[in-house]
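Novice: If you read the sequences in order, they're chains A and B. According to our numbering, the first sequence is numbered sequentially starting from 1. According to our numbering, the second sequence is numbered sequentially starting from 1.
Derived by calculation from the structure, the hints in this document are not laboratory data. Check before you lean on any hint, since a few could be wrong.
Copies of the same chain look alike in the list, so a pair counts if it works inside one copy or between any two.
Derived DSSO-like pairs (lysine-lysine); straight-line CA-CA distance at most 27 Å [to be verified]:
#	residue 1	residue 2
1	Lys-78	Lys-293
2	Lys-154	Lys-293
3	Lys-293	Lys-64
4	Lys-46	Lys-316
5	Lys-46	Lys-98
6	Lys-293	Lys-46
7	Lys-78	Lys-98
On a predicted model such as this, the values are computed, not experimentally measured, just so you know.
There are 2 protein chains.
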Amino acid sequence: MAEPHVISYEALLARVQTIFERAGVRPESAQAVARVIVAGERDNCKSHGIYRIEGCLRVLAAGKVSPDAEPEIHDAGKSVIEVDARGGFSNPAFYAAKDLLAERARETGLAALVIRDCLHFSALWHDVEALAEEGLASLSMCPSYSFVAPAGGKEPLLGTNPIAFGWPRPGAHPYVFDFATSVAARGEIELHRRAGKPIPEGWAVDREGNPTTDPDAALDGAMLTFGGHKGSAISTMVELLSGAMLGEFMSKEALDFMGGTDLLPRHGALVLALDPQSFAARSGRDPIVEGEKLLTAIGAQGARLPSERRFEARRKAMAEGIALSAAEMAQLDRFEASGLAPVDA
Amino acid sequence: MAEPHVISYEALLARVQTIFERAGVRPESAQAVARVIVAGERDNCKSHGIYRIEGCLRVLAAGKVSPDAEPEIHDAGKSVIEVDARGGFSNPAFYAAKDLLAERARETGLAALVIRDCLHFSALWHDVEALAEEGLASLSMCPSYSFVAPAGGKEPLLGTNPIAFGWPRPGAHPYVFDFATSVAARGEIELHRRAGKPIPEGWAVDREGNPTTDPDAALDGAMLTFGGHKGSAISTMVELLSGAMLGEFMSKEALDFMGGTDLLPRHGALVLALDPQSFAARSGRDPIVEGEKLLTAIGAQGARLPSERRFEARRKAMAEGIALSAAEMAQLDRFEASGLAPVDA
Chain A
1 MAEPHVISYE
11 ALLARVQTIF
21 ERAGVRPESA
31 QAVARVIVAG
41 ERDNCKSHGI
51 YRIEGCLRVL
61 AAGKVSPDAE
71 PEIHDAGKSV
81 IEVDARGGFS
91 NPAFYAAKDL
101 LAERARETGL
111 AALVIRDCLH
121 FSALWHDVEA
131 LAEEGLASLS
141 MCPSYSFVAP
151 AGGKEPLLGT
161 NPIAFGWPRP
171 GAHPYVFDFA
181 TSVAARGEIE
191 LHRRAGKPIP
201 EGWAVDREGN
211 PTTDPDAALD
221 GAMLTFGGHK
231 GSAISTMVEL
241 LSGAMLGEFM
251 SKEALDFMGG
261 TDLLPRHGAL
271 VLALDPQSFA
281 ARSGRDPIVE
291 GEKLLTAIGA
301 QGARLPSERR
311 FEARRKAMAE
321 GIALSAAEMA
331 QLDRFEASGL
341 APVDA
Chain B
1 MAEPHVISYE
11 ALLARVQTIF
21 ERAGVRPESA
31 QAVARVIVAG
41 ERDNCKSHGI
51 YRIEGCLRVL
61 AAGKVSPDAE
71 PEIHDAGKSV
81 IEVDARGGFS
91 NPAFYAAKDL
101 LAERARETGL
111 AALVIRDCLH
121 FSALWHDVEA
131 LAEEGLASLS
141 MCPSYSFVAP
151 AGGKEPLLGT
161 NPIAFGWPRP
171 GAHPYVFDFA
181 TSVAARGEIE
191 LHRRAGKPIP
201 EGWAVDREGN
211 PTTDPDAALD
221 GAMLTFGGHK
231 GSAISTMVEL
241 LSGAMLGEFM
251 SKEALDFMGG
261 TDLLPRHGAL
271 VLALDPQSFA
281 ARSGRDPIVE
291 GEKLLTAIGA
301 QGARLPSERR
311 FEARRKAMAE
321 GIALSAAEMA
331 QLDRFEASGL
341 APVDA
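Next up, chain A with everything else stripped away, as it sits in the complex (with noise of 0.2 Å):
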């Protein structure tokens, strides 16, 4: 195996924002773009790193997200903030509103942030970070593609719905939770069926909504929540709170308006952003504080905190550098010279 290319953060957003500009998506957006996907991969997310290039650049081939979108920001000064990605990524659509969704927190103690139209195709934990970095607490969730069945069902109907949270802490890193409501991610039965071997019970349902371990029936049935009924409940809620409830697309129609799962899904997004301090202020005590004790006491009895694993690999990729595959490297000046065009050929 070759020796893995290693490369600093700041050398690889400047590559990634490099590929997204050749690709016509405007300056302001390649960035935000580049750093969620580098943060990815700086985190060891792979899943949500410097392979996720490709799929965005598949959507900008097929004209199905906007490369040059402004984000619009629609404000009347009470609790609800939009934002209208106007068909481009989320990602620039979000950053563009952050700062007046932190004000508007701290002004009246909660408020939302709805992200219109926008192709979604980044993990939640960015949003919930960057609220915690403001000293805020936040929820961050959107609809997907529906591959999901409800718990006693068996047509697919939900999405994998994935829901984040942050909350701050002092002198740390967040209390971080991001996940996706299905039991696994669509692309691990993917791998367990190029791999020939069964996915583990509980996973998928087949098209009669028999339980199965065969990856392709599951792939042609229906995945299944995590935690059971609870889960399905979550599920469901996800849709209603960012789908129904923005007016915008739930994972059904999503996955109908793109035709296929070729392409990253366009949807909206929900954030509530609340101020600790505002809600505590009448108690007389410091919520952060407080928080602390929880966690403090979940980290002495050897439990893990979500996310843990993630900052670890964060601290080492910014103190020795990020690694990359040959192959990866290779991708990336394929990308830089000519975009998506070689791959697909």
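Given the coordinates of chain A, assemble chain B onto it according to the supplied hints.
Specialist: Here is chain B on its own, set in the frame of chain A:
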């Protein structure tokens, strides 16, 4: 077995209200508490029905809940409204602030209600159903007693931390879920212990953190959350948002304060209310019509919605009356005559 005694909803409500009034609870609070207890019985949620009266009377007798506390609303006209239960029951506090919360949510898009220093014994679905009747989506959560270990841990630190969500449906009961984030209720482990039966795997760990099916070892150890590390993350979020963030007790402090589990816990609660019409306005879509597409599609594939059994029991109870056993009727008679004393004697 004796014929069950059938009593109308209204008659049972009057009896339970009388019991609380005779126990010294101010009439408005007695009514609010009676309403949630009788609603539980009506919906065949026996664990939140008249079974709860004894527990409430016990806390009253112990002087750990204030019978005559008048909820005190604090409203700065922003997005966070507070109601101080002043050591009284949670339900009168919620109902004292509900209309204001709904009004604020419609004005600004979303609003939060902080309930401070309350004795919380009821299911959360009352709150989210009441807000769904106002056309609002809502989330309600609170800590409880620390019986549950975080994923990968072994010491009880988290509460059973319920979370409830409501979504309005036109001409139908709302979409409502309400569940503990623990895999099972503590009472269920106790029932297995009394019956000398092992508990299912995955419910609990012993003192050393090893999985156990022995109910004694489980009660001596820690319960587990539903859905593995994902459920544990959600339970942690509930502690942070409805405990630390409010400056109110988290589950461990609630247990320490009450000095044991014989009495119901005191802590705060958080309710978020969201106005779908505000959120969807710019989309030109009706969010409730969109939500119906999802909810009817879930039903159409033969999957049950959460709370369906409860609503069915409600229909039956309102049409035919509520069936109580002779022992339950006798207990109501005793409580009505002289409060808790004859039960303890």
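Novice: Determine for every hint whether it applies to the structure shown.
Specialist: For each hint, the structure was consulted:
When the C-alpha separation of Lys-78 and Lys-293 is checked against a cutoff of 27 Å, the pair qualifies neither within a copy, at 34 Å, nor between copies, at 29 Å. Only between protomers do Lys-154 and Lys-293 lie at most 27 Å apart by alpha-carbon distance; the minimum there is 17 Å, versus 43 Å within a single protomer. Taking the closest pair of Cα atoms, Lys-293 and Lys-64 come within 27 Å of each other only across two copies (25 Å); inside a single copy the shortest separation is 47 Å, beyond that limit. Taking CA atoms no more than 27 Å apart as the test, Lys-46 paired with Lys-316 passes inside one copy only; the shortest distance there is 15 Å, against 54 Å between copies.
Taking the closest pair of Cα atoms, Lys-46 and Lys-98 come within 27 Å of each other only inside a single copy of the chain (26 Å); across copies the shortest separation is 46 Å, beyond that limit. For the identical chains of this complex, Lys-293 and Lys-46 are neighbours neither inside a copy (32 Å) nor across copies (35 Å), given an alpha-carbon limit of 27 Å. For the homomeric pair Lys-78 and Lys-98, the shortest alpha-carbon distances inside one copy (15 Å) and between copies (20 Å) are both at most 27 Å.
Hints 1, 6 from the list above are not met by this structure, while the remaining hints are.
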